[in-house]
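Participant: Sequence:
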Amino acid sequence: MNEYLSGREGSFVVLGPPAGEIMSKYLEQRVKIEFDRLADDSGMAVSIIDASGEEISTSNNNSICKTLNPDRVFSKECESDCGAAYEMATSSDQVIQYRCHAGLECRAVSFRSGRSSLVAIVGRTFTNADDYRRATERAISGDW
25 MNEYLSGREG SFVVLGPPAG EIMSKYLEQR VKIEFDRLAD DSGMAVSIID
75 ASGEEISTSN NNSICKTLNP DRVFSKECES DCGAAYEMAT SSDQVIQYRC
125 HAGLECRAVS FRSGRSSLVA IVGRTFTNAD DYRRATERAI SGDW
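Going left to right, the sequence shown walks through residues 25 to 168 as the working numbering numbers them.
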């Protein structure tokens, strides 16, 4: 029997998706709105990463991360930073602090959404002019 059908004694009525699925979509939208608000208020980027290493949601994503990861899957260099942060954050109950190869200050924290383990990478922010200058020089030289 189709999980979207309900009825008694042989008569069925199509009800649509299960309530849990609807609630999950609603909560995902609410979480996205809150991450967008956090990113707008702080000026920092917020990126949600799933177990496959794909960015499933980004708020205020900066141009360096967009350029290095146009397909929303980590490049080789980013995998060694943000990919490793995913593993460290999901295996620990602590916020992981790191500076990526591009010189951005980042924090990673794990959380659950339904049955999925996700990681929020927050920051992706230059905290000093020297890091910004080095990143700019790498971009101009074609290193990225």
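Simulated from the structure, these hints should not be mistaken for laboratory data. Quick caveat: nothing in here was measured; it's all calculated off a predicted structure. Any given hint might turn out to be false.
[Said to hold, decoys possible] Here are the computed distance ranges between Cβ atoms for each label pair: (1) R139 - T160: 38 to 44 angstroms; (2) D65 - G166: 19 to 25 angstroms; (3) S116 - S165: 32 to 38 angstroms; (4) Y122 - G67: 16 to 22 angstroms.
[To be verified] Here are the computed lysine to any residue pairs in the SDA-like style, where the Cα-Cα straight-line distance is at most 20 angstroms: (5) K56 - G67; (6) K100 - K56; (7) K100 - M112; (8) K56 - E79; (9) K100 - D117; (10) K100 - S137; (11) K100 - S66; (12) K56 - N85; (13) K100 - D60; (14) K100 - M68; (15) K56 - S66; (16) K100 - I80; (17) K100 - H125; (18) K100 - S116; (19) K100 - R139; (20) K100 - G67; (21) K56 - M68; (22) K56 - Y122; (23) K56 - E78; (24) K56 - A163; (25) K100 - S76; (26) K100 - R136; (27) K100 - G138; (28) K100 - F135; (29) K56 - R162; (30) K56 - M112; (31) K56 - H125; (32) K56 - D167; (33) K56 - A159; (34) K100 - E78; (35) K100 - D64; (36) K56 - G138; (37) K100 - E111; (38) K56 - G166; (39) K56 - S141.
Positions of the beta carbon are idealized from the N, C-alpha and C atoms, including for glycine.
Participant: Given the hinted pair K100 and G138, is their Cα-Cα distance within 20 angstroms?
Facilitator: This hinted pair is violated, its Cα atoms lying about 29 angstroms apart.
Participant: Has the hinted range 38 to 44 angstroms been met by the Cβ atoms of R139 and T160?
Facilitator: For T160 against R139, whose Cβ atoms are near 42 angstroms apart, the range 38 to 44 angstroms holds.
Participant: Check the hint pairing K56 with G166 against an upper bound of 20 angstroms on the C-alpha distance.
Facilitator: violated, 34 angstroms
Participant: When you check the alpha-carbon spacing of K56 and M112, does it fall within 20 angstroms?
Facilitator: violated, 23 angstroms
Participant: Quick check: does the Cβ-Cβ distance between Y122 and G67 fall within 16 to 22 angstroms?
Facilitator: holds, 19 angstroms
Participant: Take the C-alpha atoms of K100 and M112, compute the straight-line distance between them, and say whether it is at most 20 angstroms.
Facilitator: Within the cut-off at roughly 18 angstroms; holds.
Participant: Is the Cα-Cα distance between K56 and S66 20 angstroms or less?
Facilitator: With a Cα-Cα distance of about 15 angstroms, the restraint between K56 and S66 holds, given a limit of 20 angstroms.
Participant: Starting from K56, check that the Cα of D167 is at most 20 angstroms away, please.
Facilitator: violated, 33 angstroms
Participant: Run the distance test for K100 versus F135: straight-line Cα separation, threshold 20 angstroms.
Facilitator: Violated, at roughly 25 angstroms.
Participant: Between the alpha carbons of K100 and D60, is the straight-line distance 20 angstroms or under?
Facilitator: violated, 27 angstroms
Participant: Run the distance test for K100 versus D64: straight-line Cα separation, threshold 20 angstroms.
Facilitator: Not satisfied, since the Cα-Cα distance of roughly 29 angstroms exceeds 20 angstroms.
Participant: Holds or violated: K100 and D117, Cα atoms, limit 20 angstroms.
Facilitator: violated, 26 angstroms
Figure legend: structure checked against the earlier numbered hints; hints not met, in rising order: 2, 6, 9, 10, 11, 13, 14, 18, 19, 20, 22, 24, 26, 27, 28, 29, 30, 31, 32, 33, 35, 38.
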